[in-house]
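A.B. asks: Residues per chain, in single letters:
2 protein chains.
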Amino acid sequence: MGGGVGSRFWPFSRENKPKQFLDFFGTGRSLIQQTFDRFNQIIPTQNIFVATNEMYAELIKEQIPELSDSQILLEPTRRNTAPCIAYASYHIKAINPNANIVVTPADHLILQEHHFLKNIQTGLNFVCKFPTLLTMGVNPNRPETGYGYIQTVEGGTNDNIQEVKAFTEKPNQELANIFFESGDFFWNSGIFIWNVNTIIDAFVKYLPDIATRFNLGLGKYNTPEEKTFIEEQYPMCQNISIDYGIMEKADNVHMLVADFGWSDLGTWGSLHDLAEKDQQHNTSLKCKSMFIESSNNLVALPEGKLAVIQGLEDYIVVATDDILLICQKSEEQRIKHFVTDINMKYGDEFI
Amino acid sequence: MGGGVGSRFWPFSRENKPKQFLDFFGTGRSLIQQTFDRFNQIIPTQNIFVATNEMYAELIKEQIPELSDSQILLEPTRRNTAPCIAYASYHIKAINPNANIVVTPADHLILQEHHFLKNIQTGLNFVCKFPTLLTMGVNPNRPETGYGYIQTVEGGTNDNIQEVKAFTEKPNQELANIFFESGDFFWNSGIFIWNVNTIIDAFVKYLPDIATRFNLGLGKYNTPEEKTFIEEQYPMCQNISIDYGIMEKADNVHMLVADFGWSDLGTWGSLHDLAEKDQQHNTSLKCKSMFIESSNNLVALPEGKLAVIQGLEDYIVVATDDILLICQKSEEQRIKHFVTDINMKYGDEFI
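Chains as they are written, first to last, in this note's numbering: chain B, 1449 to 1799; chain D, 1449 to 1799.
Derived by calculation from the structure, the hints in this document are not laboratory data.
Don't take each hint at face value.
Simulated crosslink set (SDA-like; lysine to any residue; CA at most 25 Å straight-line) [as the list claims (entries may be wrong)]:
id, chain 1, residue 1, chain 2, residue 2
1, D, LYS1793, B, ILE1740
2, D, LYS1793, B, MET1738
3, D, LYS1784, B, PRO1656
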């Protein structure tokens, strides 16, 4: 899934080049390219599909030239994750009626890759045997309020696969503290593993409107007729997330405890937590830097540039070729409002 | 005089493009171009000479293509203002043995230009009649510690030309307050007007070593031999300012009270004082900007770029194509030390 637009990383991310297409850490590969590289170690190229918004079709082809057109599923409008996953499931079923599928966001950070790949293998083995909806849960290392949580039933298999008791939305701090200390709550990573028939059955049961709509296209998936069908039907789908529409309601949900390091890179703060820091907890992404009497700042400039920062504490400093943003870290959730105001003041040039 | 290098405006000014060659206010003309334009209204182009360091020869030709090579006086080494003025005086005397000369820095800001030009005319008329060294003094509007002061003898001519009692170096704050309240102290603008013979006589009397050295070149000025002569002799001149070497010692010094707005643009702070500000006293030079909970900042980005600044107070924020500097206004005098440190850390790429 690589269709998101987020303005939280503005001005690094822009409407025409959102987060998944950016190389945050200066590694030479964007987040979606890293996601492709990661899976391509265990999944053949022809079995990798990207679902994204129409407007990013060219960017996808540019960044992952290995994909053929039939591997790029274009959403004519944004309808959240449930219709996106339904579309991909029907498309894949037309190619392989018994496919096992990993669903993953394209804009997350995964550390300890070999653990990740081992976990994915374990999950695929599990859904081969059992008609379950498997989700990956991350052992929390702090009482984070920015993530949804999954509560599991005590006990579990040898492979650290546990039965799920409940999904919960992002908690407040008090609740997050309780979740963190209890030991049976995990972060919801948004990575799912299931057999194509298990998820389609779940759509039929929990989101029958969406299932009925996609059933109309049987015989058209993975053919030249698919495009027209999707352009007509997709916009009429309910706008709903897979968590809310299916995962929270289904009774065959299991969770695999992830062994890898994970972040949804949802905020500059989360990026700062993960990045390498100097002794004063300053991070500079991609650029050269000199910090003087400054601490706890995150600075990101285009590659090779130099930042000289004096007397600054707890700030985000981000520059692109045409924009400079300086914002207190505590206020970063307001960046999306700044973007709205800038749109009002200067039009869409800087959006 | 357009040979200075200053690192106080780094990274806006760089070793290969110092302050006088920059367009600080986004008017389309650099400070030296503005100086040329200003004088060219009353002084014919062929009577305008630029003295500068050899390394800026090409920049001068590029920025003021109106000048012929013989109007560009190249200093092979830096030797402060006295040798520079001596060289120009001997060069000009070879062209016109009775020339009246205005000596001006090329990197100052002049407001109310028609007052300025009227003052210059008044000064030229005065030095036509009297063999005096005339300096332009600016009525102080605040007890500034960043300027030298000129104390005058009470009384004066109708044209506001007064006899000078003393030159003083940059005062401390206490002294600056006394100067400011006394009413007979003026800022030393560094603009001088005199007859070529008056200043050469002053060199003979107060800086005889320099005069003797330049006398060796008589017959060579304004000829093809000048260049070789200057390359040999100039580096051997004493490194001394005209203020310290002559103005503070001479007994025929007068001062004309300037009617125009003036700043030596010596610091980011002085630039901020002069620039247009919003209600929260923020200034953005050349760029677009949005300030949120921010006050008293000076922001300068390359033309057309956008700065979004949240929660910042009393800072200088300057970005060029390859450098971003964020520095508390109170610490701006340390910028030149940062530049030294950067040179140590990254070599001369950013200098």
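A.B. asks: Indicate, hint by hint, whether the structure satisfies it.
C.D. replies: Right, here's what the structure says about each hint:
1. D:LYS1793 <-> B:ILE1740: Given that 25 Å is the threshold and the Cα spacing comes to 14 Å, the pair holds.
2. D:LYS1793 <-> B:MET1738: holds, 9 Å
3. D:LYS1784 <-> B:PRO1656: violated, 69 Å
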